[in-house]
Amino acid sequence: MVDADQTFVIVGGGLAGAKAAETLRSEGFTGRVILICDERDRPYERPPLSKGYLLGKEERDSVFVHEPAWYAQNDVELHLGQTVDAIDRAAKTVRFGEDGTLVHYDKLLLATGAEPRRLDIPGTGLAGVHHLRRIAHAERLKGVLAALGRDNGHLVIAGAGWIGLEVAAAARQYGAEVTVVQTSPTPLYGVLGPELGNLFAELHREHGVRFRFGVRLTEIVGQDGMVLAARTDDGEEHPAHDVLAAIGAAPRTALAESAGLAVADRAHGGGIVVDERLRTSDPDIYAAGDVASYPLALFGTRLRVEHWANALNGGPAAARAMLGRDEVYDRVPYFFTDQYDLGMEYSGWAPPGSYDQVVIRGDAGRREFIAFWVKEGRVLAGMNVNVWDVTGPIQQLIRSGARVDTERLADPHVPLAALA
2 MVDADQTFVI VGGGLAGAKA AETLRSEGFT GRVILICDER DRPYERPPLS KGYLLGKEER
62 DSVFVHEPAW YAQNDVELHL GQTVDAIDRA AKTVRFGEDG TLVHYDKLLL ATGAEPRRLD
122 IPGTGLAGVH HLRRIAHAER LKGVLAALGR DNGHLVIAGA GWIGLEVAAA ARQYGAEVTV
182 VQTSPTPLYG VLGPELGNLF AELHREHGVR FRFGVRLTEI VGQDGMVLAA RTDDGEEHPA
242 HDVLAAIGAA PRTALAESAG LAVADRAHGG GIVVDERLRT SDPDIYAAGD VASYPLALFG
302 TRLRVEHWAN ALNGGPAAAR AMLGRDEVYD RVPYFFTDQY DLGMEYSGWA PPGSYDQVVI
362 RGDAGRREFI AFWVKEGRVL AGMNVNVWDV TGPIQQLIRS GARVDTERLA DPHVPLAALA
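Position one of the sequence shown corresponds to residue 2 (my numbering), numbered consecutively onward.
Hints listed in this document are in silico derivations from the structure and should not be mistaken for laboratory results. It is possible that part of the hints are untrue.
Pair ranges (Cβ atoms, derived) [as the list claims (entries may be wrong)]: (1) 99 with 140: 19 to 27 Å; (2) 268 with 402: 46 to 54 Å; (3) 302 with 326: 22 to 30 Å; (4) 97 with 376: 29 to 37 Å; (5) 222 with 393: 32 to 40 Å; (6) 208 with 144: 15 to 23 Å; (7) 141 with 63: 13 to 21 Å; (8) 339 with 99: 33 to 41 Å; (9) 402 with 84: 40 to 48 Å; (10) 101 with 365: 39 to 47 Å.
Straight-line Cα separation of at most 25 Å, SDA-like style, residue types lysine to any residue; simulated pairs [stated by the list, open to error]: (11) 52 with 265; (12) 52 with 137; (13) 58 with 40; (14) 52 with 119; (15) 58 with 147; (16) 143 with 204; (17) 93 with 265; (18) 143 with 126.
By construction, the Cβ of each residue, glycine as well, lies at the ideal position given by its N, Cα and C atoms.
Could you put the whole structure together from the sequences, leaning on the hints where they help?
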């Protein structure tokens, strides 16, 4: 039984940290809970920052995980605008970076998240160069997109991943001109491969987005501190009033590294190495969310997942592990996107080279279908596009590891549940 005199500290005030604090209380922990957030806003969810909130369809208050009074009502000590710059594992303390205050912990959760990767080219210090990770970024970018749309301005986006494409969709809906620069041959190549990556390229082209594949930005040209153009390594110069760097995110592992915790290398996704119960190499320290590199036996690999569902589920799983519950974190990776009139959910893990065919169920031309990534008859991943209420059966099919008849898999009249 957990002692009421114990102190559990959570470093990181995103969704994972906030849900971990909530779970500690809902599971009956009566000790001290300290949640440390380096932003001045209370914990919030990030998907709206590139979706509804960026488009002006959702109010600012809708993004927060809890109401302001929730933290005091649940006796969660919320420290906003505070950083932790050191962990003393022997003394079991964390040190605040601002004033050096030491706080004791019995269990510690690192939910420090990730930060946008920076463009390493001339011109990134210009006023019109943006990133999107925090609510302040979204607030600024929303005003930028509205101005670009009003003035027929140009936005260049470096990167055709989820953030890049969602911002491209938002920018076009504001009326801005958009050019996306991407080194790979299609959008989302590392996640969807070329077969389905092309679907998103076609979707965006229909809405006026220009793509430049197989090239990278080499310079952002400016004058008087303002962006004028963006140059690529093929010698072209693209008109730009603003540039968004959307080239991925790096896990915030510096605190863990300085404390001597095991960290995965970048070739394996980086992140703090944890076991199936989200414990780090120190048995009293846990990690969850974007920063955690966890083993997933289902795919025989170690993953670091930067999506909402991983934070939503990983924070509570880490909290229960801190309480001594015997729970294995083995969720099938899941994410979703909304772009123009396309809504999509993806479950599983099937990077290029891991599958031998893509099976389509439904009408890809109308963008109402399910795509399955299959290897040797087994479903590794599934993506439902404008088809709903099928995530459960898709994940069951992935988990089962059953060999399927691909003709039946492609037949919309065969229930998915009958294939598992």
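| Hints not upheld, ascending by number | Hints 2, 4, 5, 10, 11 contradicted; others consistent.
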